[in-house]
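Please model the complete structure; the sequences and the hints are all you need to start from.
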Amino acid sequence: PFMMAIHIGARPIWMVRAGSGEVDSQSLGEGERMLSHLSAAGEHFARSLAAFIDERSERYWNTTGKEKEPTFVLTSTMPRSVESVCHVTDSHEQTAAL
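For the sequence shown, position 95 matches number 95 in this note's numbering, and the numbering has no gaps at all.
Hints in this document: simulated from the structure, not taken from any laboratory. Watch out, some of these pointers could steer you wrong.
[Claimed, not checked] Here are the computed lysine to aspartate or glutamate pairs in the EDC-like style, where the Cα-Cα straight-line distance is at most 20 Å:
#1 Lys68 x Glu55
#2 Lys68 x Glu83
#3 Lys66 x Glu55
#4 Lys66 x Asp54
Pasting the structure below:
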């Protein structure tokens, strides 16, 4: 329901988890893991994610014949989540509801 209320009409929606963090998840508590930043592998994931979304979005807009709309990203407030989408678009909204 939340995603449907944002914008009526067909458009690509990407649901993605944050890239891997720079800390060992076994050795830290939940709060410390949530505040970690992307590891080198997580940064690679973020760049690959941006390339994937660019390619698939371009294909979508070309196939539908609709005017291309900018990619809009919703992300949680966790640093890893924000860093995971920073290469996708300059326009993202952070929300604690995610």
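Hints versus structure:
Using a Cα cut-off of 20 Å, the hinted pair Lys68 and Glu55 holds, with the two alpha carbons roughly 13 Å apart. Using a Cα cut-off of 20 Å, the hinted pair Lys68 and Glu83 is violated, with the two alpha carbons roughly 25 Å apart. Proposed proximity of Lys66 and Glu55 is supported: the alpha carbons are some 16 Å apart, at most 20 Å. For the hint linking Lys66 to Asp54, the alpha-carbon distance of about 16 Å falls within 20 Å, and the restraint holds.
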